[in-house]
Amino acid sequence: MRERLKSNLSNNVVTHLFAPSIETEQYRSFESMMEVNKAHLVMLISEGIIKFEVGKEIMDSLEEIGEAGPEKLEIDPNLEDLYFNIEAVLINKVGKEIGGQLHTGRSRNDLYATVLRLNSRKAVLEICHLLIELRYTLLTLAEKYKYVVMTAYTHMQPAEPITLGHYLSAMLYALDRDFSRFIAAFHRTNYSPLGAGATASTTFPINRKQTARLLGFINPMGNSLDGIASRDYLLEIVSAMNIFANNMSRLSQDLYIWSTDEFGLVEVDDSVAASSSIMPQKKNPITLEHIKAKSGHVLGGLVSMTSIMKNTPYGHSRDLAGESHKGFWEAASEIKAAAVLMNETLDTVSFKEEQMIKRAKNNFSTVTELANVLVREGGISFREAHQIVGQLVSEMIEANTPVTKVTSEVIRKISYQLLGKELVITEVSINKALDPAENAKAKNAEGGPAPNTVELQLEAMRNKLHKDRKWLEEQYKVIEERKEDLSNFIK
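Sequential numbering of the sequence shown, starting at 1, is according to full-length UniProt numbering.
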């Protein structure tokens, strides 16, 4: 294969380029490459490009190589890549005259482009599986805590009472969008470059639709140059990973802050916590720290891939085919780990319900509803009501008076000072507005935190989750059915 070249590869090229690449691909890509070899061979036989007897001998040898597995391959890094090493084993078994016919009508370029799509397709489905598990865990928690009142925060300051179920529902909606992005990325990944050749396809009468079908792809890619040049689908997948990681990082940050002694709203299970080497009282929520950090690794993968790809011509090159996807695999590994860690953390977490309601009762988060009461019962504008309640809160904080001490008389005096008229609001209305549970329950506009509206949100998320799980099962089913078709042809 080096007939054009007059010298052997230098030791540095072998050591720093080919050996590390083969070592990685030997286990990641062996199964996919064998599937591509078999699908291509089936097509060559079906189209009469090679004789059946020749194809049968090649297929029998491929079966032997496949059954032995990647660990039995005798790797020679001087052969440049995994494919040539597999081909060398094949030729050693059946001879170059027969074994050399497998490469008819294809190039390493379309071969590796196809293997990469198979590998990345598998990674997407694995992530989708983990994402579905995480969403089910969140759904279970949201249903359990839809009546538990807590404070919502804006700018990390107490805002308004919501329910814990409402907060968890918000995360479900975010992860639902994440799953939709992976579906879209999977769809654009699931097209076959096989048959694109080095760049200009081939003069052999190949059947690209057959190989695409046997490998579980939707269809062949429509342009041979695009088939070997495109890696944008990898950027799309990692972009989806990056957004998913970002959402998990934000959830981790909330749980992390809420687990501090100062908040005391959350406690992670001992099984996902660590202690200190010197401070025996410590219980550190380490999974949350790692999940946040892993989002940075995912972003790093996206940045490295983008910076490499943007400087490549639209064709085949080693920086595109050999280097650009390295960040993809680190990102995939980190996002899987983060999803597993988040799922286990949530599955074992404890929420301090009494502390949540206590905080909501005493941190002035209920007074927005008090302003609404002034509008409804006092007949003033909301801006005037905002002014009255703002003054009320300022005076109570300065006097170290709890929000539970708000009375009709206090409101009457402040309204007279600011507006020149006395507002008479009943104690019943005031107490109801300042009750966090009643406050949250009253927010029953579509999408709000009231338990009945949260249940509607969860029903929508439950239905979407069932639909997404069915979609995932269908993708696995199609791929397995195509593998069986390929296996049956071999038999």
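Calculated directly from the structure, the hints in this document are not laboratory data. Honestly, I wouldn't trust all of these hints.
[Claimed, not checked] Below 27 Å or equal to it, Euclidean Cα-Cα: the simulated DSS-like pairs (lysine-lysine) are:
no.: 1; residue 1: Lys432; residue 2: Lys405
no.: 2; residue 1: Lys477; residue 2: Lys336
no.: 3; residue 1: Lys441; residue 2: Lys336
no.: 4; residue 1: Lys464; residue 2: Lys477
no.: 5; residue 1: Lys326; residue 2: Lys72
no.: 6; residue 1: Lys352; residue 2: Lys443
no.: 7; residue 1: Lys144; residue 2: Lys413
no.: 8; residue 1: Lys432; residue 2: Lys144
no.: 9; residue 1: Lys56; residue 2: Lys72
no.: 10; residue 1: Lys483; residue 2: Lys56
no.: 11; residue 1: Lys144; residue 2: Lys467
no.: 12; residue 1: Lys144; residue 2: Lys464
no.: 13; residue 1: Lys209; residue 2: Lys483
no.: 14; residue 1: Lys122; residue 2: Lys413
no.: 15; residue 1: Lys477; residue 2: Lys122
no.: 16; residue 1: Lys144; residue 2: Lys283
no.: 17; residue 1: Lys352; residue 2: Lys441
no.: 18; residue 1: Lys467; residue 2: Lys122
no.: 19; residue 1: Lys352; residue 2: Lys413
no.: 20; residue 1: Lys144; residue 2: Lys470
no.: 21; residue 1: Lys432; residue 2: Lys443
no.: 22; residue 1: Lys413; residue 2: Lys432
no.: 23; residue 1: Lys326; residue 2: Lys336
no.: 24; residue 1: Lys310; residue 2: Lys326
no.: 25; residue 1: Lys283; residue 2: Lys336
Here is how each hint holds up against the structure:
For the hint linking Lys432 to Lys405, the alpha-carbon distance of about 13 Å falls within 27 Å, and the restraint holds. Taking the CA atoms of Lys477 and Lys336, the gap is about 22 Å. The hint holds against a cut of 27 Å. Straight-line distance between C-alpha atoms of Lys441 and Lys336 comes to about 37 Å, which puts the hinted pair past the 27 Å bound. For the proposed pair Lys464 and Lys477, the alpha carbon gap of about 20 Å is at most 27 Å, so the pair holds.
The suggested pairing of Lys326 with Lys72 holds, with an alpha-carbon distance near 25 Å, which does not exceed 27 Å. Note on Lys352 and Lys443: the hinted pairing holds, with a Cα-Cα distance of about 23 Å set against a maximum of 27 Å. At most 27 Å may separate the alpha-carbon atoms for a hinted pair to count; Lys144 and Lys413 exceed this at roughly 43 Å. In summary, the hint linking Lys432 to Lys144 is supported, as the alpha carbons are separated by about 25 Å, within the 27 Å threshold.
In summary, the hint linking Lys56 to Lys72 is supported, as the alpha carbons are separated by about 22 Å, within the 27 Å threshold. The suggested pairing of Lys483 with Lys56 holds, with an alpha-carbon distance near 18 Å, which does not exceed 27 Å. Between the alpha carbons of Lys144 and Lys467 the distance comes to roughly 22 Å, so the proposed pair stays at or under 27 Å and holds. Our distance criterion of 27 Å between C-alpha atoms is met by Lys144 and Lys464, whose separation comes to about 19 Å.
A hinted pair counts as satisfied when its Cα atoms are at most 27 Å apart, and Lys209 with Lys483 qualifies at roughly 15 Å. For the proposed pair Lys122 and Lys413, the alpha carbon gap of about 68 Å is over 27 Å, so the pair is violated. This hinted pair checks out: Lys477 and Lys122 have alpha carbons roughly 13 Å apart, not beyond 27 Å. Simply put, Lys144 and Lys283 have alpha-carbon atoms about 26 Å apart, close enough for the 27 Å limit, and the pair holds.
In summary, the hint linking Lys352 to Lys441 is supported, as the alpha carbons are separated by about 20 Å, within the 27 Å threshold. A threshold of 27 Å between alpha carbons decides the hint, and for Lys467 with Lys122 the separation of about 20 Å falls inside it, so the pair holds. Between the alpha carbons of Lys352 and Lys413 the distance comes to roughly 38 Å, so the proposed pair goes past 27 Å and is violated. A distance of roughly 24 Å separates the Cα atoms of Lys144 and Lys470; the hinted pair therefore holds under the 27 Å criterion.
Note on Lys432 and Lys443: the hinted pairing holds, with a Cα-Cα distance of about 13 Å set against a maximum of 27 Å. Annotation: proposed proximity of Lys413 to Lys432 holds, straight-line Cα distance about 20 Å (limit 27 Å). The suggested pairing of Lys326 with Lys336 holds, with an alpha-carbon distance near 16 Å, which does not exceed 27 Å. A distance of roughly 15 Å separates the Cα atoms of Lys310 and Lys326; the hinted pair therefore holds under the 27 Å criterion.
The hinted pair formed by Lys283 and Lys336 meets the criterion: a straight-line CA distance of about 25 Å does not exceed 27 Å.
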